[in-house]
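*Asks:* So the chains spell out like this:
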Amino acid sequence: MQSTNYIPAKWPLLKGLLVLLFLASSGLAQSVTFSSSTNIFKPASTPAKSILSVSLFVLVITGVIFIVVGSLLTYAVVKFRRRKGDDGREPAQVYGSNQVETAWTVIPVLIVVVLFMATARVIANVQNAVPPNALHVTVIGHQFWWEYRYPGLKVVTANELHVPAGTPTELKLLSADTDHSFWVPVLAGKTDLIPNHPNTMWIDPREPGLYLGQCAQYCGVQHAKMLLRVYVQSPADFDHWIQQQSQPALSSDAAVEGRRIFEATACVNCHAVSGTSAQGLFGPDLTHLMSRDTLAAGIAANTHENLRSWIQDPSRFKPGSLMPAMQLNEHDLDAVTAYLETLR
Amino acid sequence: MATDLVTWPGTQEAVETTRRPLVDKLHEWVATVDHKRLGIMYILYGLMFLLVGGVEATIMRIQLSAPHKDFVSPQVFNRMFTMHGTTMIFFVAMPLVFGLANYLVPLMIGARDMAFPRLNAFSFWLTAFGGILLYFSVIGANGLYGAGNAPDVGWFAYAPLTSRTFSLGHSTDFWTLGLLVSGFGSIGTAINIVVTILCMRCPGMTLGKMPLFAWLNLVMGGMVLMVVSPLTAAQIMLAIDRYLGGHFFDTQAGGSAVIWMHFFWIFGHPEVYVLVIPAFAVASEVIPVFSRKAIFGYPIMVAATVGIGFISMSVWAHHMFTVGMTSNANAFFALSTMAVGVPTGIKIFNWLGTMWGGKIEFKTPMLFCIAFLFQFLVAGLTGIMQSVVPFDWQLANSYFVVAHFHYVIVGAILFCLFAAFYYWYPKATGRMYNEAMGKLQFWLFFIGFHLTFDFMHIPGLLGMPRRIYTYEPGRGWGTLNLIVSIGVVFQAAAVLLFAANLIWSYFRGKVAGNDPWDAWTLEWTTSSPPPAYNFAVIPTVKSRRPLWDLKHPEDPDWKYE
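Chains as they are written, first to last, in the numbering used here: chain A, 1 to 344; chain B, 1 to 561.
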């Protein structure tokens with residue numbers, strides 16, 4: 001057989017394989033050390049920690065398998081290549097070996113048994129182990145924002161979940177429309193929010209701080225801009241926050257006109273402001289809008305310009321958002337913005 | 001190259017070549033019931049849609065190459081990933097796999113055609129019209145109301161996003177109808193493949209002496225029969241929901257979103273095996289020939305494939321570890337998913353055993369198969385990671401999953417399909433492909449593949465979900481996504497080079513002869529391209545490698561099998 005060797009095949013192939021090996025290992029190493037607020041290798045809550053421990057176990061096992069089988073393949077490809085000056089005779093024909101087949105059947109079966117037992121244990125530890133005395137929060141997924149209700153505490157808020165540090169929180173997951181998924185990687189794995197199919201999950205972060213995530217189940221046009229923000233607060237701060245959020249809206253004389261416009265336009269069909277006639281349920285509760293850092297499910301800072309611009313035309317931030325552009329004139333727009341800015 | 005050493009009596013008749021007008025020739029192709037022509041049409045159809053799906057992928061990769069990019073609107077992006085997934089699975093992978101089976105199975109088992117030639121043609125045209133229906137949505141989905149539209153519900157189209165409440169217009173209906181129609185085509189072809197293999201084998205070819213290619217396609221055909229039916233049923237239920245007031249998946253009227261997931265994945269997961277088993281079939285032919293050794297552990301390979309066929313039907317809900325199943329259900333599907341890794345591992349070891357002690361020749365098809373072995377190893381291991389339910393709670397629906405299944409579908413299936421196209425190109429056209437261009441394509445595609453899909457795993461580990469049209473800066477995803485996008489350039493160049501090679505070689509390639517690879521299965525006994533009805537005299541075989549027996553009368557296979 002003559003060969004048309006455009007590239008001398010054997011050495012580039014070997015190099016390619018080494019590069020592959022390098023990429024695989026460096027990729028993993030990178031993600032362990034990456035500075036990312038959503039890195040699954042930096043858990044900050046028991047479910048995420050349990051998941052990471054079994055994940056590392058699996059990574060080690062699969063890593064060993066990769067090195068062993070990958071080395072064997074590389075060895076075979078290099079060692080048994082047709083060499084220059086080959087005599088052209090066919091190699092010895094071997095049809096199989098029952099001993100070898102048995103070995104490479106039994107060993108994988110044993111590995112599967114070990115992996116399965118480790119998996120089953122962590123499933124039970126996370127899924128069936130909601131701590132008693134957990135704080136209950138109901139999470140309702142909407143196109144394209146999050147609603148949070150604290151039953152018993154008379155608090156309803158949107159897009160920014162507050163939980164106390166040190167006390168576990170059980171999240172009851174519901175959906176108002178399509179499927180969504182609650183995923184804050186450093187706190188826990190994801191669980192879907194499915195209409196007609198209530199789910200629960202739990203977290204118990206200990207370090208106060210802001211934890212990020214986003215919707216992880218495709219839910220429509222703006223699935224990408226349905227961000228999650230979990231504020232973990234010290235117990236005292238959390239109690240203060242609950243205290244403040246459970247108050248009805250402040251009524252301030254400064255923005256009477258804006259309030260009149262707000263209550264006279266379509267705003268109230270979708271938004272609620274407690275203590276007023278605005279009792280809509282389709283959009284985020286605005287009672288304490290100004291206590292939130294962000295607008296529109298975490299996509300923009302809650303500043304005067306952004307708020308005004310959002311009311312004027314939400315599609316500027318989030319094309320496909322279900323909130324219509326309100327078509328207010330400049331004066332009304334300023335007035336409504338001013339009113340909303342009184343809702344602390 | 002040892003050509004024309006072996007000829008069966010009666011296979012060398014000259015094919016009539018009178019000049020006919022183009023319209024006549026076209027008519028012959030459109031009205032054909034010949035398995036070889038239908039096979040080639042399936043493959044050309046699949047390759048055409050490969051370009052379309054590739055363009056869709058490129059658009060997505062441009063959009064995602066940096067955070068907050070504004071290359072396309074969210075609506076367009078959502079249509080792109082829906083059409084990309086649907087196209088690549090149903091109108092690229094399936095037709096390519098069916099095309100190979102159509103072209104090669106009768107040749108390999110010594111038959112003159114498929115069992116039901118007219119059903120064969122009917123099935124092809126159903127598949128073809130299914131694809132056209134899907135793409136007609138681009139102009140037809142909003143009817144007279146206005147601008148173009150295309151399905152945007154994702155390729156697994158979870159309820160209730162597909163209900164009339166959330167999916168206005170007719171784009172979802174075109175998606176449903178396209179898959180329904182092509183699904184009927186798939187079922188017809190699967191019946192044909194199964195019956196052909198069971199009933200049309202040449203004398204002496206018992207089931208135990210069939211080439212592995214035929215065995216694996218038999219398993220594939222059986223699986224298609226079982227798994228496409230639930231998808232078809234689900235599509236009909238969805239159509240009833242949308243047009244006849246049904247409530248199967250209408251959650252606002254008490255329907256169940258979860259039941260759609262079960263229906264879809266009972267199809268969807270075995271579908272991966274429907275596609276990868278024919279890829280295995282290719283590797284099981286190419287690796288022995290270019291290692292110059294018989295396949296290692298033939299009976300175990302058959303058993304492992306049948307095992308994969310059965311076990312893979314019991315793993316579907318591993319796509320649903322995050323939907324809130326009971327812990328027992330989660331554990332069951334973890335175990336079944338891990339179990340499917342065992343026969344799959346056995347297959348990798350047997351290919352390794354085939355190469356062991358051989359004399360490996362690095363022709364383009366073999367390069368693709370060697371890369372396939374490594375990539376499939378990685379894909380299998382990342383699959384094991386996701387079978388570990390808690391790990392999957394993090395990985396599910398993230399870019400890690402996207403990287404994993406592209407490792408299977410591109411790294412394993414498409415690599416093997418490229419191997420197949422190069423390996424059987426001389427048989428189908430009578431011309432050799434250009435080896436230099438072939439090797440260059442391999443290296444371009446190999447580099448592009450690894451740039452794109454190796455680096456795609458990492459954003460998933462860093463919390464990046466799939467199906468987002470843009471993402472926030474500052475999460476460590478930007479650079480990685482840029483590298484992923486750069487890989488596309490190499491892959492696109494490789495695919496164009498592949499197309500150029502096919503076309504150039506068709507006119508300028510060296511004449512191949514009957515048996516350019518010194519191979520062992522029956523298709524290499526006929527002329528290249530094979531004559532109508534393949535074999536003037538039906539061959540008789542005594543072993544799995546009839547040509548080995550002929551070439552080595554002093555040491556034939558049938559003494560050992």
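Calculated from the structure, these hints are not laboratory results. Worth double-checking, as some hints may not be accurate.
Using 20 Å as the maximum straight-line C-alpha spacing, the simulated PhoX-like pairs for lysine-lysine come out as follows [said to hold, decoys possible]:
hint, chain 1, residue 1, chain 2, residue 2
1, B, K359, B, K551
2, B, K359, A, K79
3, A, K84, B, K559
4, B, K69, B, K551
5, B, K510, B, K209
*Asks:* Going through the numbered hints above, which ones does this structure break? Give me the numbers in ascending order.
*Replies:* 3, 4 and 5
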